Structures are given as C-alpha cells and as structure tokens.
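Engineer: Now for the letters of each chain:
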Amino acid sequence: MKALCWQGKNKLEVEQVNDPEILNPRDGIVRITKTAICGSDLHLYDGYIPSMEPGDILGHEFMGEVVETGSAVTRIKKGDRVVVPFTIACGHCYFCKHNLWSACDNTNPNAWMAEKLYGYSGSALFGYSHMMGGYAGGQAQFARVPFIDVGALKVDRGLSDEQVLFLSDIFPTGYMAAENCDIKPGDVVAIWGCGPVGQFTIRSAFLLGAERVIAIDRFHERLKMARLAGADVIDYADVDDVIEELKWMTGGRGPDACIDAVGLEAHGTGIAAAYDYTKQRMKLAFDRPIVLRQAIQACRKGGVVSLPGVYGGVLDKVPFGAAFGKGLIFKMGQTHMHNYMDRLLKHIQQGDIDPSFVITHRFGLDEAPQAYRIFRDKQEECIKVVLDPWQEIAAA
Amino acid sequence: MTITTNLAPRPGEEFSRRPATTRLETALTLAAGAALSIYGVVRRDWFGAGLATGGAYLVYTGAADLRKPYQGRVRVGFTIAKEPNEVYEFVRNPENWIVGLHGVRFDIDDENRLSLQFDDGERYTLNSQLRITDEKPGEYIAWASDPHMIEHRGVLRFKKAPGDRGTELSIAFEYKAPTGPISRALASFAGFDPEQLARESLRKIKQLMETGEIPTTAGQPVGARGLRGAAKRVVFRERPTMELQPQQRLAGD
Chain A
734 MKALCWQGKN
744 KLEVEQVNDP
754 EILNPRDGIV
764 RITKTAICGS
774 DLHLYDGYIP
784 SMEPGDILGH
794 EFMGEVVETG
804 SAVTRIKKGD
814 RVVVPFTIAC
824 GHCYFCKHNL
834 WSACDNTNPN
844 AWMAEKLYGY
854 SGSALFGYSH
864 MMGGYAGGQA
874 QFARVPFIDV
884 GALKVDRGLS
894 DEQVLFLSDI
904 FPTGYMAAEN
914 CDIKPGDVVA
924 IWGCGPVGQF
934 TIRSAFLLGA
944 ERVIAIDRFH
954 ERLKMARLAG
964 ADVIDYADVD
974 DVIEELKWMT
984 GGRGPDACID
994 AVGLEAHGTG
1004 IAAAYDYTKQ
1014 RMKLAFDRPI
1024 VLRQAIQACR
1034 KGGVVSLPGV
1044 YGGVLDKVPF
1054 GAAFGKGLIF
1064 KMGQTHMHNY
1074 MDRLLKHIQQ
1084 GDIDPSFVIT
1094 HRFGLDEAPQ
1104 AYRIFRDKQE
1114 ECIKVVLDPW
1124 QEIAAA
Chain B
14 MTITTNLAPR
24 PGEEFSRRPA
34 TTRLETALTL
44 AAGAALSIYG
54 VVRRDWFGAG
64 LATGGAYLVY
74 TGAADLRKPY
84 QGRVRVGFTI
94 AKEPNEVYEF
104 VRNPENWIVG
114 LHGVRFDIDD
124 ENRLSLQFDD
134 GERYTLNSQL
144 RITDEKPGEY
154 IAWASDPHMI
164 EHRGVLRFKK
174 APGDRGTELS
184 IAFEYKAPTG
194 PISRALASFA
204 GFDPEQLARE
214 SLRKIKQLME
224 TGEIPTTAGQ
234 PVGARGLRGA
244 AKRVVFRERP
254 TMELQPQQRL
264 AGD
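Chains as they are written, first to last, in the working numbering: chain A, 734 to 1129; chain B, 14 to 266.
Quick caveat, the hints were computed from the structure, so don't treat them as lab data.
Remember, predicted model here, so these are calculated numbers, not experimental data.
Some hints here could point you the wrong way.
Computed list of lysine to aspartate or glutamate pairs in EDC-like fashion (alpha-carbon distance at most 16 Å, straight line) [claimed, not checked]:
1. Lys849/A with Glu213/B
2. Lys172/B with Glu102/B
3. Lys849/A with Glu208/B
4. Lys830/A with Glu223/B
5. Lys830/A with Asp177/B
A short list of chain A residues far from chain B (calculated; beta carbon distances all over 10 Å) [as the list claims (entries may be wrong)]:
6. Thr1011
7. Gln1030
8. Gly1058
Pulled a few chain A residues facing chain B out of the computed Cβ check, cut under 7 Å [unchecked claim]:
9. Val750
10. Pro787
11. Cys826
12. Gly867
For every residue, glycine included, the Cβ atom is placed at its ideal position computed from N, Cα and C.
Work out the full structure, taking the sequences as your base and the hints as a guide.
Structural biologist: Written out as structure tokens, the structure is:
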C-alpha cells in the first residue's frame, strides 16, 4: 500500500510499504477512505516531538471500511463503515472504566519511554512518535486498528465522509475543550487560535450555551470563519495588548474561561515571542507558551483555563503566581475521545453542525508532502486539509 | 532498602561473599578512572572538569566493588483490575510465564526447584536455579536462588488495592551479578537491565489479565528506516517487516 512516511524534520515521503496485518486478536484492518492532516501533525513535521524515527507512518485522523477483523472482535464486522478515534483505549483498565480513555494503561507498547519523561504513560496514539506507542498512522491506504471494538464508531451511509471524518479528533477535541470550561448561561469564552480545533471549539462553546465567544488569531480567513460562527474576533497583530483588549471587551471582568487552542508553536508578537523563538532555536526549550501566559493573565478570577493545544516539555516563564492569585482552574490533556463520538454524531445527524465547513483543501495522498507545506505555512488561506488515499487510482 | 519478605534469609541463604567483579575488570576500572581524572585535571578547562568527574566516578565504583560486592535492588509495582486470588493463580500458572518473560526458558524439577535459562541466541546464556522459600496463596511468593552466577532473592506480593481497583502486584528483589560498572552499563544497554525486565514482565501480566492481549507494533508496516534507523534496528534487535514469520499463536488467543 501507499503511506506517508516521516523521514526527518520537514521531510515527508509517500512510500510503498507492506499492507498491515492483524497482529493481535482484537485488531481490525480498515481500508481508509478519507484521512486528514491535523495541526498536531505539524509538530512532527517541524521536528518538535521526540522519538520519531525515519519511516514512521503519519496520520491520526482517519475513517474507512473494515476489511478484516481479529479472532476476538465481536462488535465490529467486516464491511462496517467506521470513524477511528486517534487515541487507542483498551476499554478494561481503571482509566477506561472511569471515562479517562486517553489515560488508558494498556495500549502503549513503549510505555517505559513516556514514563521516563512524564512519570506515567497515557494511551497510545496513531502515528505520533514511538513514545506514544509507535503505531503506524492513517495517512495511508490501510491501517491496523488495535481494540477496534472499543474505539471505532460505526456510521451509516447517510452522511458523507467529510461530514463525519472529524469525529476522529478535532471535533471531540474542540468539544471537550469547551466542555472543560463548565460553561454557564451568560458566560464569555475567549479562544486563542482559530485553526481547525479552534473553529470547533467556538461552535462547541455556543452549543454548550456560551453567551459570547471571543476568538483570537491573526489570519483573516480564520477570523472570517470564526465570525461566521457568531464569534467576536480580535486580530492580535492589530491590537497593542490582547489582555487589555479582552478586559475592555468584557467590562473589565475578563473572560469567564480562556481556551488555548494553539499549544507549543504559538506565534505571538513582541519581546516575549522573540524570547521564546530564540530559546527554541537554541534547543533550550521545546515549547513556546505565549498563549498560555496570555490566557492565565486574561482569565477572570476563579475562571477556567482549558488547553486543547499540545505542550511537550518544561515551560518557561509561566505566570503561576497570577494563576494562584486568581484561583484559576486548569483543565487539559489528550481528548477522551470515546466519551464524545456518539454524542457528537447525534449533533451531526440532527443538523446542529456540519463539520465539513472547516475543509479548505483536498488532495490525493501522493500530494501529501506538498499539502503539509501549504497547511504549515498557511498558504492559499488553508485551514484544513483532507486527503483521499485512493484518489489517483480512482482517476486512472 | 531491605526486602520485606517478613522472613530473614535462613542460614546459607545470604548472598555469598565472593567479590562481584573479576579482579581484571576492577583493575581496569580503577586504571581508566585514574587516567581520565589525571588527564582531565591537566587539561584545566571545562571539558577537562567533566572528564575528571567521570574518572572520579569510575574510581569510586571500582573502589566500591573492591570493598563490597555490588548488589542491585529492584522494586516495581502495578495495579491490576482483578482480585488478588485471580492474579495469584495467574502468576502461579507456568503456562502464563512464557508470555511475560522474553527469551527465558524454564523448567521445574521434582523438588519444586525452578531452573531459569536466559538465552538470547548466541549472545549470552545465563542459568539460574531458584527455590520458593515461602508462599501464602493470594498474598505473597518469596524466592531465593542458588549461589550461581547471578544470585537473587525477593518477593512477589499480591495486595488488595483500595477503592475496588483490584490488586497491587509488586515485586521486590535483590541480586548480585558478577559484573563491574562497565559490564553493567553494557548489559543494560543490550536490554538486560533487571529493573526493566521486571517492570515489563509485570506490565505484560497486567495487560494480559485486563485486556487479553499484549499491545504490539512488531510486524506493522514501516517506510524506509534510513541509516540511523538501520543502526537502531541492530541495537534494539528489531526485525524488518518482510522477515517476520507469521505468528503461530496470538497472545490471548
């Protein structure tokens, strides 16, 4: 089969590799019909995530048709159309039973690596470094899905691939970020980053009853999309100080909840941003926590700071005194996918939201390296890329 | 750390007093350490300071080996979502052992003595015979080895975890290996690190008991590994996908 392989920083290649096989009795093999590039894939592309090896197959947002199942698979059948969550959960450990699916104990074959860095290992992820399990990803024509009975969401054929594909990651991720804010009637929510996850966070905040959403970015196409969802926007490149602007927009209170949908590769302006860039270039730091600092400063007293954005290492100059002084609540982590997929599928079926709004670019798998570059550099007003692994073959 | 087997080693069960290291390795360690330290001090720069520190550490370990045999200690614990009795039964059943112990063959003779053979192809073979010294079903199993090349003794405990979380399965053991610091580092680099082996074995028991299988990526498709990847494949003893034999029996089948 064809698969997109990581070959080093800024270096991706579409290669011919073996088809995946059933390796464990609870595995299934999925013939992928659509797959997407996630913002977090860009951290791999830019070489910020440790323990990637040349030849690793990327991709963790995918869906398709089940073509083979292992001997212990019962719920999922050959021929089922499924969306696969990006976290792999066993369904039996303490964490899975307590709905903390992304903290699953039993799916990461390289748990010791994560334990060295983080103390404990979370669940494995598809196509996201050896520390996170080293499972081959879904930017390929086929993928092996461990514990397919536990994870895969069956979808009927009434909805198109593009409508349900984002149940694999970004829609639940945006939704959990908003749900973590414990939104009450009258709440104002500020969201940094209007990329794909940010867009879903904005819409999820409204679904959960936010009175007002303020979206912060600097790319006009992203701000435009946020405005279409009903958000007020701040172009941070246009204002002197985002925190003052937020204070002014909220009658001096500050937002009730602040969501960092940016993570470790924040851009930012001014001296603070230059400081983080320099440190990262000198390999003194993994992360540029520009947004996190602003979110902590901006949040109202006793408010919630929610982090769907990914951080990797040890953060520098995080104003923890401010966080303590204001009694903030922090919520973060990989999405507990399995809690949300069913619920959000219902929202799509009822017509509350059509997730395909976020797609701006469509490519075949062969063009994936170019698609990564366009997405990373935000060329052509790119917001979300969907790949069709079979496009060329279908055309031939 | 003292091993809390609630049993003091019986007479004859203490580790033997012979030195852990061969005289040659100790001598080499001391000589190398001294040479590095002197060279480092003579350099009179920061790199030299680093070398001198490393050298001093070698001298320290060499001297420590002369003074007292090296004894390693390992403590690892996992919580398994099963009752203590179930975990005990699982651990006590020899059929389940082969799953957790990679490259280890075992054998039980009439006197309930267990022979373990660590065999990694041609690279090394280690023999160890051990005896269960004390046991309480559902609570603990304590063992001690014969005074062979590697001596070890320890206890495996099964304790009910609070809040219906199942069983805290823990292993604590001491071992004495006939090695100096250099061979220990090399052995651990080659994957023969007692703590790592113990931790991964317990982890596999947990995974198998809770889910019915052990997660793996061995045999999945992979792109061109490149030069660095090929080197790592040798170090980590990976096999490229094409060479893998179809699995006879899947874990948990």
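Engineer: Now look at each hint and say whether the structure bears it out.
Structural biologist: Results of checking the hints against the structure:
1. Lys849/A with Glu213/B: holds (14 Å)
2. Lys172/B with Glu102/B: holds (14 Å)
3. Lys849/A with Glu208/B: holds (13 Å)
4. Lys830/A with Glu223/B: holds (11 Å)
5. Lys830/A with Asp177/B: With Cα atoms ~12 Å apart, Lys830/A and Asp177/B stay inside 16 Å; holds.
6. Thr1011: holds (23 Å)
7. Gln1030: Correct as stated: the minimum Cβ-Cβ distance to chain B is 38 Å, above 10 Å.
8. Gly1058: Gly1058/A clear of chain B: closest Cβ-Cβ about 34 Å, beyond 10 Å.
9. Val750: Holds, about 4 Å.
10. Pro787: Nearest chain B Cβ about 4 Å off; hint holds.
11. Cys826: holds (5 Å)
12. Gly867: Gly867/A check passes; min Cβ-Cβ to chain B is 5 Å, inside 7 Å.
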